[in-house]
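If you read the sequences in order, they're chains E, D and R. First residue of the first sequence: 1, per this note's numbering; consecutive thereafter. First residue of the second sequence: 1001, per this note's numbering; consecutive thereafter. First residue of the third sequence: 2001, per this note's numbering; consecutive thereafter.
If you're looking for bench data, these hints aren't it; they were derived computationally from the structure. Think of the CB as a built atom: it goes at the ideal place given N, C-alpha and C, for glycine as much as any other residue. Check before you lean on any hint, since a few could be wrong.
Chain D stretches covered by chain R per the calculated footprint, using a threshold of three residues with CB under 8 angstroms from any CB of chain R [stated by the list, open to error]:
no., region
1, 1006 to 1014
2, 1238 to 1247
Each computed EDC-like pair below joins lysine to aspartate or glutamate, with the alpha-carbon atoms no more than 20 angstroms apart [to be verified]:
no., chain 1, residue 1, chain 2, residue 2
3, R, Lys-2334, E, Glu-28
4, E, Lys-113, R, Glu-2029
5, R, Lys-2339, R, Glu-2226
6, R, Lys-2218, D, Glu-1276
7, E, Lys-185, R, Asp-2056
8, R, Lys-2331, E, Asp-45
9, R, Lys-2278, E, Glu-221
10, R, Lys-2218, D, Asp-1279
11, R, Lys-2227, E, Glu-42
12, E, Lys-117, R, Glu-2076
13, R, Lys-2278, D, Asp-1279
14, E, Lys-204, R, Asp-2056
15, D, Lys-1041, R, Glu-2076
16, R, Lys-2218, D, Asp-1016
17, R, Lys-2227, E, Glu-221
18, R, Lys-2218, D, Asp-1168
19, R, Lys-2334, E, Glu-43
20, R, Lys-2331, E, Glu-43
21, D, Lys-1081, E, Glu-229
22, E, Lys-204, R, Asp-2030
23, R, Lys-2334, E, Glu-221
24, R, Lys-2036, E, Asp-196
25, E, Lys-222, R, Asp-2275
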Amino acid sequence: MQEAMINKAKQLLADGTVNRVIGWKKGEFVYDITPAIFETAEELDADFVYNEFTAANVSKYLVKESKKEGKILAFLKPCDTYSLNQLTKEHRVNRDNIYVVGIPGGPKLDAEKIKAKGITGITGIKNENYTLKIETVYGEQTMPFYEAISDKCASCKSKKHVTYDELIGEDGDVLESNRFDMVEKLENMTAQERYDFWRAELSKCIRCNACRNVCPACTCEKCVFDNPESGVENKAASNSFEENMFHIIRAFHVAGRCTDCGECSRVCPQNIPLHLLNRKFIKDINSLYGEYQAGEDTTTKAPLNAYTTDDCEASIVHERGVE
Amino acid sequence: MNANDTLIPHIGVVTDIRIDTPDVKTFRVNAINADGTVGGKVFEHMPGQCAMLSIPGVGEAMFSITSSPTNKEFMEFSIKKCGCLTNWLHAMDVGQQITIRGPYGNAFPVETELKGKDLLFIAGGIGLAPLRSVINYVRDNRANYGDVQIVYGSRSMDDLVDYKEIIDEWMTDDGIEVNLTIDREQEGWDGHVGFVPNYVKELNPSLNKTVLICGPPIMIKFTLNGLKELGFTETQVYTTMELRMKCGVGKCGRCNIGNKYVCKDGPVFRFDELGELPDEY
Amino acid sequence: MLRIAIDKIDSLFDAIAEKQTLYIPVDREDGAAEYKKYESGMKMSNSLNTLRSAKDFFFPQTENLVEFKMEGKQIEVKDIREESEDFVIFGVRACDARSFSILDKVYLVDPVDSFYKNRRDHGVVVSMACTRPAETCFCSAFGIDPTAPEGDVSCWNDGSYIYFEANTEKGKAFVDSISSLLEDGDASSLENVKAETKRILSLLPLSNLSTDSFGGDKLNEYFNSEKWAELSESCIGCGTCTFVCPTCQCYDIKDFNTGNGIKRFRCWDSCMYSDFTKMAHGNPRISQLERFRQRFMHKLVYFPANNNGEFGCVGCGRCLSKCPISMNIVKVMKALEVK
Chain E
1 MQEAMINKAK QLLADGTVNR VIGWKKGEFV YDITPAIFET AEELDADFVY NEFTAANVSK
61 YLVKESKKEG KILAFLKPCD TYSLNQLTKE HRVNRDNIYV VGIPGGPKLD AEKIKAKGIT
121 GITGIKNENY TLKIETVYGE QTMPFYEAIS DKCASCKSKK HVTYDELIGE DGDVLESNRF
181 DMVEKLENMT AQERYDFWRA ELSKCIRCNA CRNVCPACTC EKCVFDNPES GVENKAASNS
241 FEENMFHIIR AFHVAGRCTD CGECSRVCPQ NIPLHLLNRK FIKDINSLYG EYQAGEDTTT
301 KAPLNAYTTD DCEASIVHER GVE
Chain D
1001 MNANDTLIPH IGVVTDIRID TPDVKTFRVN AINADGTVGG KVFEHMPGQC AMLSIPGVGE
1061 AMFSITSSPT NKEFMEFSIK KCGCLTNWLH AMDVGQQITI RGPYGNAFPV ETELKGKDLL
1121 FIAGGIGLAP LRSVINYVRD NRANYGDVQI VYGSRSMDDL VDYKEIIDEW MTDDGIEVNL
1181 TIDREQEGWD GHVGFVPNYV KELNPSLNKT VLICGPPIMI KFTLNGLKEL GFTETQVYTT
1241 MELRMKCGVG KCGRCNIGNK YVCKDGPVFR FDELGELPDE Y
Chain R
2001 MLRIAIDKID SLFDAIAEKQ TLYIPVDRED GAAEYKKYES GMKMSNSLNT LRSAKDFFFP
2061 QTENLVEFKM EGKQIEVKDI REESEDFVIF GVRACDARSF SILDKVYLVD PVDSFYKNRR
2121 DHGVVVSMAC TRPAETCFCS AFGIDPTAPE GDVSCWNDGS YIYFEANTEK GKAFVDSISS
2181 LLEDGDASSL ENVKAETKRI LSLLPLSNLS TDSFGGDKLN EYFNSEKWAE LSESCIGCGT
2241 CTFVCPTCQC YDIKDFNTGN GIKRFRCWDS CMYSDFTKMA HGNPRISQLE RFRQRFMHKL
2301 VYFPANNNGE FGCVGCGRCL SKCPISMNIV KVMKALEVK
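My request is simple: use the sequences and hints to build the entire structure.
Now the structure itself:
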């Protein structure tokens, strides 16, 4: 796949369709891959990589990149195309300046899951028939492939590209996913259990803002939490309820716009399952306003942005919250 | 835990507020003495040094001390209204207590390199505030310094800070030449009109002078270029810098230019020292 | 050398915790290790290192500095500082142990930060030599020997025993206080353990990383490097690297109105944040390039310029593991390096 992508990129650069490419650049190890812009065939040959660890969603970079001179080639996985569509719908990107080549997605692997097995000193990772053979300075280790799958891919919602100019490989389908299982589990908890769950998780937060900054739905030029004039700016992480509210408020802000790309949880240095907050909103919107997938297209009005006389009454939401 | 910590401030009392310009006020600050009386200074300083002033709950920021250390009665701060804290300070009345900590940073080298020299002060707008401390220090130790020339400009006549002191005191002193300028013609003004950098070039000051500049960054930049054209070297020009500060003691990590912290290694720099640092200010 | 059998370590922890607060690294449910206040029954983590660094003990993410009571035009300053309790941090790795001496160079130089010093004076650092370094480790590049960690007390683990050696007066007092639980024993097995760790260190992918071309004399050369644009282009401007870093020490000071007075607190801040240097009338670092550059220039050039060549990095590798886009100091050093 990597070779096909490099060839495609070279071709599109050479024929002038695009003047640069956003993709992934290899790192020091097998898994530390950085989103990067490539401008020449030489750069592509030297550093372009696409493998099990290229999990990063590059859509958000297109907010900035699509405003620059010339067209940019973006290699997008199915889930990334939902983010781009949503950004297009919100007029955050100039879609005309982006040439999307759809590529098959995951499952991507999460190096942290490999390390959590106690495997360390990693110098190479190979997938042989869904067994990972991991070269380490302590000798070869193995583990089942599926145990290293990143959380975002473990509950993949779709293998379908919802926007592209061209595809490499076959397009897939929207999947029956298990993504609401954990939400249901949380819903079935008592209020106290649920409170305890979220307090334990959110109190780990170090206020690094990685979740917000990586989120393709968080594209405000100036976030209220960074603006001293807003009165809610705060860098302190003091484990008070107010600090935890940051995540809840952010989930509210992206409700109806979050495509469930899973980047928030992927980047959280404290492994907080932030995506569960967003999924709760998605699940609620689905049940209260009818099935809706943000980013599925660029035209449908989101349920929370459109009033219809069939809308559920606010009181229904309120009553549901009563134990 | 008896040790003092510089982050824990003292209390000062605002005992006089002078309206200098439409957006600049000068605040006189006194200490509260052990017996409860108000008077004297919260701490001593040297010309060019700064203090952190704060209204708890509103904010804390660094201001240069505009009064001269030779003033034993009180400290003064000339403050331009430009943000949350300064708006609050401008709205307060005499008798208000504020918190104050310092002094921070280095000073103009009044007791070393500037001694015996002819001095040229160049200020723009509120940039006079830190230089006023030096000017009055020099006036009070007149025998230690040569000729003094002050070039001061502002947007308008009404925007000249310390106008009364300039007219009544500085201009009447022997051996002090004061050249005022405003940006645009104005009724009631028969003095020079024009920007500071051009005025300095017109005045063509003699090259043996040591120069102290403070003002808006753009004024400093053009004035320095002008001085260089006249033949001045960077080693004879001093300025004072301002960057975002929180601690005042070189620890919070934000006011650095290269490896120098403005709050601790500055705010006073000689231009040749600044020239060696990365261009990030 | 004084030692204790590993299967008796719980009784040692119990004995220490009886007298003072003890923190040990323990495994969380998600597999990451973190320092926890020891309670009987807790098991020490076998991981190489904790997710968050140990700097929290001396420089917590948020701490109250002073309180004010406002009444009319009057302000009352309330010094809320209290003598810290004595505490022991057990199992600090060599990188984090060195980070304390770097933080000391900021917080213990004149004017001394009394909040930091208070904790430093009351904390006993018991370090633990590494036996299973990871691919992300590069402490050796900064002259740190993970088989001989700094700290008030250094410890080694040979698989059967943990050995203790006091390095400071405070460390001696600590070892004396637990000596009834320790035995004098042969420590020759440690030589093999150290030799094996050193062999592994030489095999690590970053074992050849060199700091030779960095230092205080490269101020403008690196500041003006054209590489910053490419290095910083995908930085998302979060504070992850700063907050997991054991040597990042920048802070913000803020006031909080409790409704019953004002609490002034300080909290970690990040030079990666857009408002870090923002003033009422402008910002000297308006782009992420400038903010990104600041962080690495600080560690590789500015800090050594002010501290006799010592770098502001200990090679713990946390930023390598945690950066959302996998950009880090190693990649910066390799790209920037001018020989």
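Outcome of the hint check:
Three residues within the 8 angstroms Cβ limit are the bar, and the region 1006 to 1014 of chain D against chain R gives 6, so the coverage statement holds. For the region 1238 to 1247 of chain D, the stated coverage by chain R is satisfied: 5 residues place a CB nearer than 8 angstroms to a CB of that chain, which reaches the threshold of 3. A threshold of 20 angstroms between alpha carbons decides the hint, and for Lys-2334 (chain R) with Glu-28 (chain E) the separation of about 10 angstroms falls inside it, so the pair holds. Proposed proximity of Lys-113 (chain E) and Glu-2029 (chain R) is supported: the alpha carbons are some 13 angstroms apart, at most 20 angstroms.
A C-alpha spacing of about 16 angstroms is found between Lys-2339 (chain R) and Glu-2226 (chain R), which places the hinted pair at or below 20 angstroms, so the restraint holds. Between Lys-2218 (chain R) and Glu-1276 (chain D) the CA atoms are separated by roughly 11 angstroms; this keeps the pair inside 20 angstroms, and the hint holds. Of the pairs offered as hints, the one joining Lys-185 (chain E) and Asp-2056 (chain R) is violated, with about 34 angstroms between alpha carbons and a cut-off of 20 angstroms exceeded. Proximity of Lys-2331 (chain R) to Asp-45 (chain E) is assessed by CA-CA distance (about 19 angstroms); at most 20 angstroms being required, the pair is judged to hold.
Of the supplied pair hints, the one linking Lys-2278 (chain R) and Glu-221 (chain E) holds, its CA atoms being roughly 15 angstroms apart against a limit of 20 angstroms. Between Lys-2218 (chain R) and Asp-1279 (chain D), the direct Cα distance comes to roughly 14 angstroms. Compliance with the 20 angstroms bound is thereby established for this hinted pair. Distance check on the hinted pair: Lys-2227 (chain R) and Glu-42 (chain E) sit about 17 angstroms apart at the alpha-carbon level, within 20 angstroms; holds. A distance of roughly 55 angstroms separates the Cα atoms of Lys-117 (chain E) and Glu-2076 (chain R); the hinted pair therefore is violated under the 20 angstroms criterion.
Using a Cα cut-off of 20 angstroms, the hinted pair Lys-2278 (chain R) and Asp-1279 (chain D) holds, with the two alpha carbons roughly 17 angstroms apart. Of the supplied pair hints, the one linking Lys-204 (chain E) and Asp-2056 (chain R) holds, its CA atoms being roughly 14 angstroms apart against a limit of 20 angstroms. Proximity of Lys-1041 (chain D) to Glu-2076 (chain R) is assessed by CA-CA distance (about 18 angstroms); at most 20 angstroms being required, the pair is judged to hold. Annotation: proposed proximity of Lys-2218 (chain R) to Asp-1016 (chain D) is violated, straight-line Cα distance about 49 angstroms (limit 20 angstroms).
Proposed proximity of Lys-2227 (chain R) and Glu-221 (chain E) is contradicted: the alpha carbons are some 26 angstroms apart, above 20 angstroms. The suggested pairing of Lys-2218 (chain R) with Asp-1168 (chain D) is violated, with an alpha-carbon distance near 51 angstroms, which exceeds 20 angstroms. The suggested pairing of Lys-2334 (chain R) with Glu-43 (chain E) holds, with an alpha-carbon distance near 17 angstroms, which does not exceed 20 angstroms. A C-alpha spacing of about 16 angstroms is found between Lys-2331 (chain R) and Glu-43 (chain E), which places the hinted pair at or below 20 angstroms, so the restraint holds.
Taking the CA atoms of Lys-1081 (chain D) and Glu-229 (chain E), the gap is about 16 angstroms. The hint holds against a cut of 20 angstroms. Between Lys-204 (chain E) and Asp-2030 (chain R), the direct Cα distance comes to roughly 12 angstroms. Compliance with the 20 angstroms bound is thereby established for this hinted pair. Simply put, Lys-2334 (chain R) and Glu-221 (chain E) have alpha-carbon atoms about 32 angstroms apart, too far for the 20 angstroms limit, and the pair is violated. Between Lys-2036 (chain R) and Asp-196 (chain E) the CA atoms are separated by roughly 19 angstroms; this keeps the pair inside 20 angstroms, and the hint holds.
Annotation: proposed proximity of Lys-222 (chain E) to Asp-2275 (chain R) holds, straight-line Cα distance about 10 angstroms (limit 20 angstroms).
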